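Undergrad: This is what each chain is made of:
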Amino acid sequence: MTNSVPARDDPAFPNISIIARREYRELVRGRLFKVSTLILITLVLLIAILPIGVRVFQRGQTTQVAVVAADSVLANRTIDHLRTFLPQGDRPYELIAMRDPAASIEQVNDRNLDAALEVERQPSGRLSFTVHLGETLGQTALADLGFATFATAIIDFSERNPVVGFEVPDFNVVRGSSSAGRGSAFDPAVFASRLIVGAVFGFLIFLSIVIYGMWVAQGVVAEKQSRVMELLISAASARQLVVGKAVGIGLAGATQTLLVLVPALAVLAVEDILAKVVLGQGVGIDSSLKALSPGLLLGFASYYVLGFALYAFVYAAAGSLLSRAEDLQIVALPLAIIAIVGYFQAILALTGGITVFIRLASYVPFWSPFVMITRLAVGRVEPWEIALSLGLLAATIVIVGVIAIRIYAAGVLLYGQRPGLRAYVAAARGR
Amino acid sequence: MSLLIHHLDKRFGAVVALDGLTFEVPQGQVFGFLGANGAGKTTTMRIVLGVLHADRGIVTWKGRDSRILPRSTWGYLPEERGLYPRMKVIDQLVYFASLYAVPPDQARRNALDWLARFRVPELAKRRADTLSKGNQQKIQLISAVLHDPEVLLMDEPFTGLDPVNVALLREAFLELRDQGKTLIFSTHQMETVEALCESIAIVDRGRVMIGGPVRDIRRAAGRRLVKLAVEGDHRLGWINDVPGARILRPGIDRTEVELDEGVDPDVVLSAALARGATVTHFEVAEASLEQIFIDHVGRPSDEETHLATTEPAA
Chain A
1 MTNSVPARDD PAFPNISIIA RREYRELVRG RLFKVSTLIL ITLVLLIAIL PIGVRVFQRG
61 QTTQVAVVAA DSVLANRTID HLRTFLPQGD RPYELIAMRD PAASIEQVND RNLDAALEVE
121 RQPSGRLSFT VHLGETLGQT ALADLGFATF ATAIIDFSER NPVVGFEVPD FNVVRGSSSA
181 GRGSAFDPAV FASRLIVGAV FGFLIFLSIV IYGMWVAQGV VAEKQSRVME LLISAASARQ
241 LVVGKAVGIG LAGATQTLLV LVPALAVLAV EDILAKVVLG QGVGIDSSLK ALSPGLLLGF
301 ASYYVLGFAL YAFVYAAAGS LLSRAEDLQI VALPLAIIAI VGYFQAILAL TGGITVFIRL
361 ASYVPFWSPF VMITRLAVGR VEPWEIALSL GLLAATIVIV GVIAIRIYAA GVLLYGQRPG
421 LRAYVAAARG R
Chain B
432 MSLLIHHLDK RFGAVVALDG LTFEVPQGQV FGFLGANGAG KTTTMRIVLG VLHADRGIVT
492 WKGRDSRILP RSTWGYLPEE RGLYPRMKVI DQLVYFASLY AVPPDQARRN ALDWLARFRV
552 PELAKRRADT LSKGNQQKIQ LISAVLHDPE VLLMDEPFTG LDPVNVALLR EAFLELRDQG
612 KTLIFSTHQM ETVEALCESI AIVDRGRVMI GGPVRDIRRA AGRRLVKLAV EGDHRLGWIN
672 DVPGARILRP GIDRTEVELD EGVDPDVVLS AALARGATVT HFEVAEASLE QIFIDHVGRP
732 SDEETHLATT EPAA
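The listed protein sequences derive, respectively, from chains A and B.
Letter by letter, the first sequence follows residues 1 to 431 of my numbering.
Letter by letter, the second sequence follows residues 432 to 745 of my numbering.
Here chain A stands alone, though its shape is the one from the complex:
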């Protein structure tokens, strides 16, 4: 006679849906949910109208750069050339000729000028440029100035050493979108939108996992602390309780995400119209939603659901061995760190291109929800990669789910000291 053989027939339904419904209702009716939803909606709407706000703020502003040379002829000719090559975007460049380097640098330091560009002709005839930057200009402006001074130097050289038949070359950018085909023309507006969509989707999945995952752990601890767990565990199986709680809280989280996303998407969809109203006709703004496609939305939904499922199991198991809400901090940080490392890869994917390490990270189940969705938005992903990443994620959910339910079943009846790693291992082994 051992404990391993018989098991009662405990079908998943309807208990999972009964438990999920209670969790959902209690959460959505709670004050925390209402207040946090309102705050998030306000925050996200502010972010959505930020590009227009920035344009309003920058309207009429110029980037002022002093071109400093002892020789006023050199200064004026340099200004003429630079005007040709500097892009005239949201903040057009205003170029001012100056003679005294020290005075121009002082103006930069006093924030009266954005930069001072010193130009000097070497005895060899070569031009030498030195840029004094203030804090108002970033990498893009520096790249603009670098390119424009280089072009100025070429023109200057060709004026002094006549070159026959030179023409400015075409410069076309094509970005590959799949292994088949040659890719499509690079549209900076679409790429900018891809970055925004990738950043928003990655961030939303990360935030949902960390916040709603903690709700799962908190819910388990609250049931233990109020001792209602004793009734629950005799009325339903550990599997029903864990899955029901994860589904209920997950749906509440998804509801909040939708409540926050829909108004934000609505604002972004009419971004161009809003820009024309605020900034005047003729001033367009590229929609941040240009890169949003049904495929990307499906990818977001899949990684959101699966990512949450995986972390919800982990948070439920982690919470089950705790006796008091104060002890939640023991599990909160280590679990958040796992997610943060994955999220960090996603940020790198956005800013630094897709490296081999990031490609590998996009298959790792605990990270793929953030990293793969970002890759899908900004990079090139083969179908087999998506299949591998989703397959690994689904398999891990099953394995982690089984272990989590074992830990939960053993853990929820244990009260007392703060558990260490050993306690979790023992619970997983059913001891």
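To be clear, the hints were calculated from the coordinates, so they are not data collected in a lab.
Below are the SDA-like pairs computed for lysine to any residue, each with C-alpha atoms no more than 20 Å apart in a straight line:
#	chain 1	residue 1	chain 2	residue 2
1	B	Lys519	A	Gly30
2	B	Lys519	A	Arg25
3	B	Lys493	A	Arg8
4	B	Lys519	A	Val28
5	B	Lys556	A	Glu26
6	B	Lys519	A	Arg31
7	B	Lys519	A	Glu26
8	B	Lys556	A	Arg29
9	B	Lys519	B	Ala547
10	B	Lys493	A	Pro6
11	B	Lys556	B	Asp544
12	B	Lys556	A	Gly30
13	B	Lys519	A	Arg29
14	B	Lys519	A	Tyr24
15	B	Lys519	A	Ser226
16	B	Lys519	A	Arg22
17	B	Lys564	A	Ser226
18	B	Lys519	A	Ile18
19	B	Lys519	A	Ala222
20	B	Lys519	A	Leu32
21	B	Lys556	A	Arg22
22	A	Lys34	B	Met518
23	B	Lys493	A	Ala7
24	B	Lys658	B	Arg706
25	B	Lys556	A	Arg25
Per the computed footprint, the stretches of chain B lying under chain A, defined by three or more beta-carbons under 8 Å from a beta-carbon of chain A, are:
#	region
26	477–491
27	523–529
Here the structure is a predicted model, which is why all the values come from computation and not from measurement.
For glycine and all other residues, C-beta sits at the position ideal for the given N, C-alpha and C.
Fit chain B to the supplied structure of chain A, relying on the hints for placement.
TA: Relative to chain A, chain B alone:
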């Protein structure tokens, strides 16, 4: 046709919680499960419910392994009272019943009936965190019976209740028994056991020290009691001079005198009369369960068992 607990062993690390625990609960009876804190009562109940697994041994109900029986076979009132603090009483009762597949309408109707029976219909709309301990107890008992279980397992159901609520609960127990339910409860209150239970098991350190019908256990104890009251003398110091008799429990109203096996109770009465005392009460009774408990466990029922203190909530 009974609940059979057969040779259960359970260890928690180095602590032995159950050590070959065996007893039988006849169907349709109120059964007292007695033992000091840490004796293994909660662990046994959790194994019957299937919440914990025994290392060895088996539990059967009507001949079937308890591990394959549906959860709805059992109703459970845990020792630690707990409800969802912010949920309305009626909502939680319906919720718990629905986990046992009771349709919500029926659960609501039955819950309101039970609240009325406990004379607290106004609690239905109240949040659990606004209830007194006694009222929470009633709600938990209702939640244990709403799905109409065959067996009710109750861990210390009378703890913390005032006499009025104890009486209400006792009444409910007998009513449930009359409906054919089997009730098992643990308690330290021997009076309640004497008033309600047909059978008992006394456990200590995970083993049954004695078990069976209360009448047989008392008879087997061999000892008898005399309850005596004498006008103008409540100390009754002279009794210790009567061979085979000693004062068990002194009292102002009446004093309990314990007699060794074979000693005729009339000896006490004769001794009192011989001293010229006016006897106002004389009653011959069997040994009390409290005394039987002490005889078998070696200490009163409300003292803790030290061996099991590291056992989780057992």
